[in-house]
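**Q** In case you want the letters, here they are:
Number of protein chains: 2
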Amino acid sequence: LRNIRLVVEYDGTDYHGFAIQRSLRTVQGELERAIASITQNPTRVVGSGRTDAGAHALGQVVSFRTPSAIPGLDMRRALNASLPDDIVVKTVEDVPDSFHARRSAQRRNYRYSLWNAELPAVRERRYRLHVAGSLEIEAMDRAARCLVGEHDFACFTFGLSRYLATGRRRTTIRTIFGAGWRRNGEPVEFDISGTAFLPHMIRNMVGSMLRVGLRKLTPEEFRGLFAKGEVELSTHTVPALGLTLVSVEY
Amino acid sequence: LRNIRLVVEYDGTDYHGFAIQRSLRTVQGELERAIASITQNPTRVVGSGRTDAGAHALGQVVSFRTPSAIPGLDMRRALNASLPDDIVVKTVEDVPDSFHARRSAQRRNYRYSLWNAELPAVRERRYRLHVAGSLEIEAMDRAARCLVGEHDFACFTFGLSRYLATGRRRTTIRTIFGAGWRRNGEPVEFDISGTAFLPHMIRNMVGSMLRVGLRKLTPEEFRGLFAKGEVELSTHTVPALGLTLVSVEY
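Chains A and B supply the protein sequences, listed in that same order.
Letter by letter, the first sequence follows residues 1 to 250 in the numbering used here.
Letter by letter, the second sequence follows residues 1 to 250 in the numbering used here.
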């Protein structure tokens with residue numbers, strides 16, 4: 001069997017997330033349907049990670065095994081012809097047997113995007129959270145710095161007990177390589193890269209740092225809450241629409 | 001009665017155009033519904049012009065008369081709260097009685113946008129026409145120059161007889177103030193401004209100039225067809241999704 005890696009871009013607005021769910025429209029479901037129809041072979045795909053309902057990807061990585069002999073470029077063309085127009089396969093590549101889109105991933109790069117202006121912008125509404133109040137980006141960026149390094153991020157996920165009960169992972173310790181805020185006119189972006197992320201972790205980080213930007217919390221208070229692992233940090237969840245999986249490194 | 005001018009931005013993807021049509025979702029229909037619900041007064045609005053089904057606006061101008069005493073900023077807030085999120089009222093302004101969004105307009109500025117790359121870009125799919133082939137922008141821009149000035153643009157509208165039968169206007173002569181192509185990486189844009197435009201005129205111009213960009217027609221041949229008023233120029237209509245009414249000048 002060949003082992004194939006895809007890089008996939010999608011607009012998650014009209015999907016119930018990446019991971020397949022019975023009778024709901026998911027990105028994985030669409031990919032598996034398209035691959036099956038092209039290769040005449042039902043195939044399970046593995047993504048580098050789940051993305052939330054409504055979240056997007058510029059560079060989600062997916063792998064699967066197939067007996068098909070279709071060359072990569074032809075497969076890309078056929079997949080894109082079969083997929084809906086909010087999913088695009090950017091590359092198709094043969095990879096060694098040992099490659100696994102989730103287990104081989106070393107680093108995941110996410111972005112959370114805001115539209116910071118009095119009025120919302122129609123064309124940004126699916127990709128950037130509209131925030132009308134003026135934001136102190138400097139303070140938000142200062143707050144973000146304490147996230148870098150190896151830490152227990154339990155405080156940023158939803159009900160810890162609920163998370164651990166899913167039994168998917170045993171630890172809430174993760175390593176963050178970089179995290180920072182940047183303004184570029186009305187667009188404001190938070191880039192974060194790390195080994196892996198807990199459910200809702202980035203959306204809760206952003207929600208709490210928005211409170212810093214709106215002067216409801218100082219960067220020092222944010223740092224204090226994080227140092228103490230206060231669950232309060234998981235109570236300001238921003239919508240998934242602003243979240244994009246930018247790329248995955250192996 | 002007050003006379004009020006709105007500047008409106010919309011994503012036309014999910015609308016059957018600007019102009020109201022019985023039982024179809026239109027931008028005008030949504031605006032009239034929102035104004036009626038806020039002012040408690042059924043009101044007809046006038047737009048600077050129709051936009052096609054699927055075409056967009058960054059600065060459509062709309063005027064209407066109302067007995068309402070609601071101040072402009074409050075009206076804007078209330079309208080935006082009532083409108084769907086693909087329509088945003090950017091400004092609300094009291095204007096003299098003589099102002100009429102269509103009849104007072106002096107100049108309309110439109111843009112047609114392409115995404116010129118091997119692969120489509122998911123986030124651009126509602127706003128830019130994907131063109132995979134490499135385009136000679138220089139040649140397209142040279143072709144565009146002959147459009148500037150006062151000309152009979154009948155060749156760019158759909159079946160002339162059908163157009164004249166609508167009885168809305170008696171002449172197919174229009175004045176174009178400027179027209180040109182520009183590349184900015186993968187995004188490619190055609191900007192055109194003029195007194196007014198015939199139905200499908202811009203979409204047919206773009207379709208024929210794309211043939212120039214793809215080397216199926218030289219700029220000189222394009223100019224020749226235009227000079228002779230060849231109806232062939234109305235047979236390459238590009239989709240409305242790339243078309244945006246950028247602004248209207250009074």
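Read the hints as simulated data drawn from the structure, not as lab findings.
A hint or two may mislead.
Because identical chains cannot be distinguished in the list, a pair is counted as satisfied if it fits within a single copy or across any two copies.
[What the hints assert, rightly or not] Calculated lysine to aspartate or glutamate pairs in the EDC-like style (CA-CA distance at most 16 Å, straight line):
{"hint": "1", "residue 1": "Lys90", "residue 2": "Glu118"}
{"hint": "2", "residue 1": "Lys90", "residue 2": "Glu124"}
{"hint": "3", "residue 1": "Lys216", "residue 2": "Glu138"}
{"hint": "4", "residue 1": "Lys216", "residue 2": "Asp52"}
{"hint": "5", "residue 1": "Lys228", "residue 2": "Asp74"}
{"hint": "6", "residue 1": "Lys228", "residue 2": "Glu32"}
{"hint": "7", "residue 1": "Lys216", "residue 2": "Asp94"}
{"hint": "8", "residue 1": "Lys228", "residue 2": "Asp94"}
{"hint": "9", "residue 1": "Lys90", "residue 2": "Asp74"}
{"hint": "10", "residue 1": "Lys90", "residue 2": "Glu189"}
{"hint": "11", "residue 1": "Lys90", "residue 2": "Glu138"}
{"hint": "12", "residue 1": "Lys228", "residue 2": "Asp152"}
{"hint": "13", "residue 1": "Lys216", "residue 2": "Glu232"}
{"hint": "14", "residue 1": "Lys228", "residue 2": "Asp52"}
{"hint": "15", "residue 1": "Lys216", "residue 2": "Glu136"}
{"hint": "16", "residue 1": "Lys228", "residue 2": "Glu150"}
{"hint": "17", "residue 1": "Lys216", "residue 2": "Asp85"}
{"hint": "18", "residue 1": "Lys228", "residue 2": "Asp14"}
**Q** Tell me, please, which holds for Lys228 and Asp94 at an alpha-carbon limit of 16 Å: within, between, both or neither?
**A** Cα proximity of Lys228 and Asp94: none, with 46 Å in one copy and 55 Å across.
**Q** Taking 16 Å as the upper bound on the Cα-Cα distance, should Lys216 and Glu138 be classified as within, between, both, or neither?
**A** within (14 Å within a copy, 53 Å between copies)
**Q** Have a look at Lys228 and Asp14 and pick one of within, between, both or neither, based on CA distance no larger than 16 Å.
**A** Answer is neither; intra-copy 38 Å and inter-copy 48 Å both fail.
**Q** Using 16 Å as the alpha carbon limit, work out where Lys216 and Asp94 are close: within a copy, between copies, both or neither.
**A** neither (50 Å within a copy, 37 Å between copies)
**Q** Could you place Lys216 and Glu232 in one of the four classes (within, between, both, neither) given a Cα distance threshold of 16 Å?
**A** within (14 Å within a copy, 63 Å between copies)
**Q** Can you tell me if Lys90 and Glu189 fall within 16 Å by alpha carbon in one copy, between copies, both or neither?
**A** Neither, since 24 Å and 24 Å both go past 16 Å.
**Q** At most 16 Å between CA atoms: does that hold for Lys90 and Glu124 within a copy, between copies, both, or neither?
**A** Answer is between; shortest inter-copy Cα gap is 15 Å, intra-copy 23 Å.
**Q** How would you classify Lys228 and Asp52 at a CA-CA limit of 16 Å: within, between, both, or neither?
**A** Neither. Shortest intra-copy (27 Å) and inter-copy (57 Å) distances fail the 16 Å Cα cut-off.
**Q** Reference check for the pair Lys228 and Asp152, CA-CA at most 16 Å: within, between, both, or neither?
**A** So Lys228 and Asp152 pass the 16 Å test inside one copy only (10 Å; across, 74 Å).
**Q** Reference check for the pair Lys90 and Glu138, CA-CA at most 16 Å: within, between, both, or neither?
**A** neither (35 Å within a copy, 29 Å between copies)
**Q** Evaluate Lys216 and Asp52 at a C-alpha cut-off of 16 Å and name the case that applies: within, between, both or neither.
**A** neither (27 Å within a copy, 46 Å between copies)
**Q** First find the shortest C-alpha distance between Lys216 and Glu136 inside one copy, then the shortest across copies, and answer within, between, both or neither for a cut-off of 16 Å.
**A** within (11 Å within a copy, 53 Å between copies)
Hints 4, 5, 6, 7, 8, 10, 11, 14, 17, 18 from the earlier list are contradicted by this structure; the remaining hints agree with it.
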